[in-house]
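Undergrad: Starting from the known structure of chain A, arrange chain B on it as the hints suggest.
One-letter residues, chain by chain:
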Amino acid sequence: MKKFSGQAFLYAAFLLVFTLIAAYTVANKTWWFPPLASVQGIEIDNLFMITLLLTGIVFIAVHVVLAFFVWRYREQAQQRASYITHNTRFEVSAAVTVALALVILVGGGTTLWTKIQSPPPPDAFTVEVWAEQFRWTFHYPGADGRMGRVETRFISDDNPYGLDPADPYGRDDIFTTEMHVPYGKPISVLLHSKDVLHSFFLPHFRMKMDVVPGMTTRLWFTPTQSGTFEIPCAELCGVGHYIMRGVLVVEPPEQFNQWLSQQTPIAQSE
Amino acid sequence: MDQPIAHAEAAVDAHHHEPQSFWTKYVFSQDHKVIAMQYMITALVMGFIGMVMSWIFRIQLAWPDHNLPFLRLLMPTNMESGTLQTPGYYMLVTMHGTIMVFFLLTAILTGGFGNFLIPLQVGARDMAFPYLNMLSYWFYFLSCVVITASLFVTTGAASAGWTSYPPLSALEKATPGSGLGQDLWLIAIALFIVASTMGSLNYVTTALNMRAKGMTLMRMPLTVWGIITAAMLGLFAFPALFAGAVLLLLDRHLGTSFFLPHLVVGGEHIVRNGGSPLLWQHLFWFLGHPEVYILILPAMGITSEVLSNGARKPIFGYKVMVGSIIAIAFLSFIVWGHHMFVSGMNPWLGFAFVITTLIIAVPSAIKTFNWLGTLWKGKIRFTTPMLFAIGFISTFVTGGLTGLFLGNSALDIPLHDTYFVVAHFHVVMGLSSVFGIFAGIYYWFPKMTGKMMNERWGKVHFWLTFIGSYGVFWTMHYLGFMGMPRRYYSYDSYQFLPPSMHTLQMVITISALIVGAAQLIFTLNFLLAWLRGKKAPNNPWQATTLEWQAATPPPHGNWGPVLPEVHRWPYDYSVPGASADFVPQTVPVEIEPSGEHHRVAAAVNGHGQTNGHGNGHHA
Chain A
1 MKKFSGQAFL
11 YAAFLLVFTL
21 IAAYTVANKT
31 WWFPPLASVQ
41 GIEIDNLFMI
51 TLLLTGIVFI
61 AVHVVLAFFV
71 WRYREQAQQR
81 ASYITHNTRF
91 EVSAAVTVAL
101 ALVILVGGGT
111 TLWTKIQSPP
121 PPDAFTVEVW
131 AEQFRWTFHY
141 PGADGRMGRV
151 ETRFISDDNP
161 YGLDPADPYG
171 RDDIFTTEMH
181 VPYGKPISVL
191 LHSKDVLHSF
201 FLPHFRMKMD
211 VVPGMTTRLW
221 FTPTQSGTFE
231 IPCAELCGVG
241 HYIMRGVLVV
251 EPPEQFNQWL
261 SQQTPIAQSE
Chain B
271 MDQPIAHAEA
281 AVDAHHHEPQ
291 SFWTKYVFSQ
301 DHKVIAMQYM
311 ITALVMGFIG
321 MVMSWIFRIQ
331 LAWPDHNLPF
341 LRLLMPTNME
351 SGTLQTPGYY
361 MLVTMHGTIM
371 VFFLLTAILT
381 GGFGNFLIPL
391 QVGARDMAFP
401 YLNMLSYWFY
411 FLSCVVITAS
421 LFVTTGAASA
431 GWTSYPPLSA
441 LEKATPGSGL
451 GQDLWLIAIA
461 LFIVASTMGS
471 LNYVTTALNM
481 RAKGMTLMRM
491 PLTVWGIITA
501 AMLGLFAFPA
511 LFAGAVLLLL
521 DRHLGTSFFL
531 PHLVVGGEHI
541 VRNGGSPLLW
551 QHLFWFLGHP
561 EVYILILPAM
571 GITSEVLSNG
581 ARKPIFGYKV
591 MVGSIIAIAF
601 LSFIVWGHHM
611 FVSGMNPWLG
621 FAFVITTLII
631 AVPSAIKTFN
641 WLGTLWKGKI
651 RFTTPMLFAI
661 GFISTFVTGG
671 LTGLFLGNSA
681 LDIPLHDTYF
691 VVAHFHVVMG
701 LSSVFGIFAG
711 IYYWFPKMTG
721 KMMNERWGKV
731 HFWLTFIGSY
741 GVFWTMHYLG
751 FMGMPRRYYS
761 YDSYQFLPPS
771 MHTLQMVITI
781 SALIVGAAQL
791 IFTLNFLLAW
801 LRGKKAPNNP
811 WQATTLEWQA
821 ATPPPHGNWG
831 PVLPEVHRWP
841 YDYSVPGASA
851 DFVPQTVPVE
861 IEPSGEHHRV
871 AAAVNGHGQT
881 NGHGNGHHA
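Line by line, the protein sequences are chains A and B. All letters in the first sequence, in the order written, are residues 1 to 270 by our numbering. All letters in the second sequence, in the order written, are residues 271 to 889 by our numbering.
Rather than coming from a laboratory, the hints here were simulated on the basis of the structure.
Simulated pairs of lysine to any residue, SDA-like, Cα-Cα distance not exceeding 20 Å:
#1 729/B to 804/B
#2 649/B to 71/A
#3 649/B to 6/A
#4 649/B to 80/A
#5 649/B to 72/A
#6 647/B to 64/A
#7 589/B to 93/A
#8 804/B to 793/B
#9 483/B to 861/B
#10 29/A to 52/A
#11 443/B to 243/A
#12 729/B to 6/A
#13 649/B to 13/A
#14 295/B to 405/B
#15 443/B to 153/A
#16 115/A to 619/B
#17 647/B to 4/A
#18 29/A to 771/B
Bound-form chain A, shown alone (with noise of 0.2 Å):
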């Protein structure tokens, strides 16, 4: 005689209704990562499907099997439970199934890390940045074509962005509150922190790295598109975390060249 449990039922339709809600969404990218800008993103979403095609098999195939066995096996009158300890070969054969998942997962990570974490291409277009609590601040060389050297010892008022005085490659850059690239080069960015822990997101281009005070870091990606996009901070840094917010513009050479033209050097602006 079959006995009904509403709590077997309830568990079992909560969990299939649960699984297909998640994976209908997910599928269907109804929520979804903001359109994509970079060559290295193209490949990051590529590894992030493989990932998520393997994590969402395993997620769909265990809470279907665990809704069916909590419906299959309730307590019913006459059935007796098995007696089984254990079995070798299925363990065994699960763990094999993950190890050889996990091969593909971590030779394509990385693969992929090395390419993004080897150094720029030489013709990379280099910005350096200053993040400070709460604000961006990106460094282009002057007319020279050569950034100067920068350092926290030597800010003041007077040298608000720490240029090496002893550097004479510094006496014409550029700081600006916006981030222009020219677009068709890969764009090498180098940060500096003047105070805490900021970390520079781009999020349409899958970019992401600590700013640390006392080193420097450095990301570089190869833009896909030109527009404007936003730069979140990502770092806990303080009561303006929220609002540590920067501009980057992706555009054409010759308007960035324009843009830059337009900018004041340092040693003008005193």
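TA: Below, chain B alone, put in the same frame as chain A:
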């Protein structure tokens, strides 16, 4: 190995005389069961505080323009005209995380369940060092007082996040909460580590040296395995954070430069030299990662125990379960760098951490497989503990799988420090360990108090919690995809976050308030059952393990004049030929058959000597 047992027998007369006064019996008690309740209730009170904090900051995120003057009852400061202010928001998220991870979850799992279950499940009269055990609780209590007091200092409580990354946490100029509040935070954590160390020494020593006759290591319930492995993680990992806390205090007050390079904060030079903020991150996560396994391993143990009992079946693959616990514990020490892929740490170190991190999926998958195997062909009773234990399987799988995204450094780049991370760790280590805790409370409450909790309200509690929690934390994954960073007081200045995200924020907050309401039901059920609940029988769940053979509640010394003797493994459910569908561990194999030889045949060698002549009963 006979020696400790003899010692335990003698101990009945030597120092296990019953305490008489109110103070020695209920306050400065050395009885593990009283200390367990002290730990459990203190931790639940702290957890309640942590949960109320989350309501307030969740309201801010869903309705940034809220004007709710009654919130001032919950949050007297930083609540100008009924709206949560920014510094208050950062204090709340910081204290919520700190309280939940350390003062609720760690404390209740090791201090609460560890204290109650280890002596009762291995057949000891008490902990190995009862006085140290008492000290452990009172240091924990003191740490709770200090962290709670920090909420009331004028500059506010710590607000640099539960990870307290310097320089933010090192300089009061950097953020208001980094004044006295941060000092108290560091002191509270140091006191907590002292408490945890004293407790952990006890749990490990008791389980290793004070087991009853016949209780071999491979006859210990998985709960004990989970808790003592967690205790060992604590013993090895917590000292790193202790050192970190001391060094950060030195940096804050004595001008040292462990974590601080030369800085300019708010236009003012802070002249230090050579320190690195990354050092703190290494020290913090060297504890921080084992810490999440300190929370999950005991919950895994409890879940295994309750699943086997509720399915009326032996746990599937006992030996492999023990092996997986140990494997996970070992791996947990060499994965801390996965919290630091984009921290500025040398990226080539990332390789090692990707590999070690993803390997954890193997023992985790085996455990999941074995929990499903335990339900397979069982006879599942849907008691409240069982509902939570089944829920654990779901949350552990859901949260574990998202770890495969974050553990892979390249994918961590876009996801790190977004709500995807918040979702991941809340599901896998918050929800799962909370589900383990609730399963454990409903399951052992009768033995602890002598009363039964109300099953109907227990089920209401479970369903609201289960559905509501997925409403909160499943939804958060979407915010992570969209790129919503963590620890944002508000997000309306960003155009890349679509307006639909606001709807999701409301879904999350409403779900969180429903889960909160469910915890009020639980609290009432807990208190009312204790005061006037139905009297509990000795073995209400028809369970096999030793604690159910003790009186309810167990007397001081647990076992009366004669210690129990163990004759079988803890999972003899539905043994073919046995008269009932469960055979307690104390029943000799001459009286009831045991299925243990199925599994012992290969395993008996390494530890056969532990149980002395207890093995003689095996045919």
